Amino acid sequence: MLTLLALPLALLGQQQGIAQRLAGRVSPNVAALVEQLATAGAARGLPSDPLIQKAIEGGAKSIPDDRVAAAVRLVAMQLDIAAAALREGGPVSDTLAITAGAFALTAGLSASDITALARVGASAQALTVGLRVAGTLAALGVPSAEDIGLVSTTLRSGQPAESLLLLPAHVQSAVAKGSTPAAAAAGLSRAAAAQARQGPPPGHGEHPPHPTPPPHPTPPPHPTPPPHP
Numbered sequence: 001m002l003t004l005l006a007l008p009l010a011l012l013g014q015q016q017g018i019a020q021r022l023a024g025r026v027s028p029n030v031a032a033l034v035e036q037l038a039t040a041g042a043a044r045g046l047p048s049d050p051l052i053q054k055a056i057e058g059g060a061k062s063i064p065d066d067r068v069a070a071a072v073r074l075v076a077m078q079l080d081i082a083a084a085a086l087r088e089g090g091p092v093s094d095t096l097a098i099t100a101g102a103f104a105l106t107a108g109l110s111a112s113d114i115t116a117l118a119r120v121g122a123s124a125q126a127l128t129v130g131l132r133v134a135g136t137l138a139a140l141g142v143p144s145a146e147d148i149g150l151v152s153t154t155l156r157s158g159q160p161a162e163s164l165l166l167l168p169a170h171v172q173s174a175v176a177k178g179s180t181p182a183a184a185a186a187g188l189s190r191a192a193a194a195q196a197r198q199g200p201p202p203g204h205g206e207h208p209p210h211p212t213p214p215p216h217p218t219p220p221p222h223p224t225p226p227p228h229p
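For what it's worth, the working numbering labels the leading residue of the sequence shown as 1, then goes sequentially.
The hints are simulated quantities; they were obtained by calculation from the structure and are not laboratory data.
There's no promise every hint is true.
Derived CB-CB ranges, DEER-like [said to hold, decoys possible]:
hint, residue 1, residue 2, range
1, S173, A194, 17 to 25 angstroms
2, S62, A161, 35 to 43 angstroms
3, G45, H170, 30 to 38 angstroms
4, N29, A161, 54 to 62 angstroms
5, Q195, G17, 41 to 49 angstroms
6, S123, Q198, 20 to 28 angstroms
7, A193, A70, 22 to 30 angstroms
Owing to the predicted nature of the structure, the values given are computational and were not obtained by experimental measurement.
For each residue, glycine too, the CB sits at the ideal point set by N, CA and C.
Start from the sequences, fold in the hints, and give me the full structure.
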């Protein structure tokens with residue numbers, strides 16, 4: 001019963017927070033739409049920040065209300081699609097991952113691409129970074145097959161998040177040298193797969209063997225006594 005009572009109170013607090021963030025930055029009509037969509041989305045476990053940021057962005061650029069409203073509705077739809085795609089790939093309900101999935105959709109990836117990344121089985125934090133990187137690679141012109149292949153392989157290799165974040169720069173560097181985005185991503189994917197097959201360096205994570213003691217030095221020969229006169 002307490003949980004049921006707390007939910008409307010939490011939604012009311014969220015509405016008040018949204019109204020305060022949007023006050024004076026968007027029209028009352030846009031603010032009301034954002035509050036409506038955010039409240040409905042929160043009940044389904046969706047984040048509200050992307051809706052708020054999109055509305056603020058439109059207001060800062062003096063975009064007409066009808067276009068801002070359409071953009072906010074599009075973001076709400078993308079959040080729903082991203083959340084469903086993540087659930088299809090595994091029990092992922094992290095709001096940051098959902099936001100990253102919506103970003104990937106905006107960049108041109110599909111719901112099936114998001115599901116494929118979720119099926120890798122990475123942590124929510126690593127998946128969030130992976131989705132962001134995949135969206136950035138798509139914006140750089142990497143086709144979805146090479147894009148998802150590269151990010152999936154890198155996630156499976158267990159490399160740190162820094163390695164994922166460097167992928168767009170590596171692709172750009174290869175493209176600057178004459179490679180296509182697809183070829184650059186494919187080459188990086190092969191390198192990541194090779195590193196995953198190689199595994200950790202020998203002895204990594206194991207107790208080092210006891211060092212072999214050095215052999216005892218050969219004792220010097222006893223001096224020969226001098227002959228008697």
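Any hints this thing doesn't respect? Which numbers, in order?
Numbers 4 and 7 - these are the hints that the structure violates, sorted from lowest upward.
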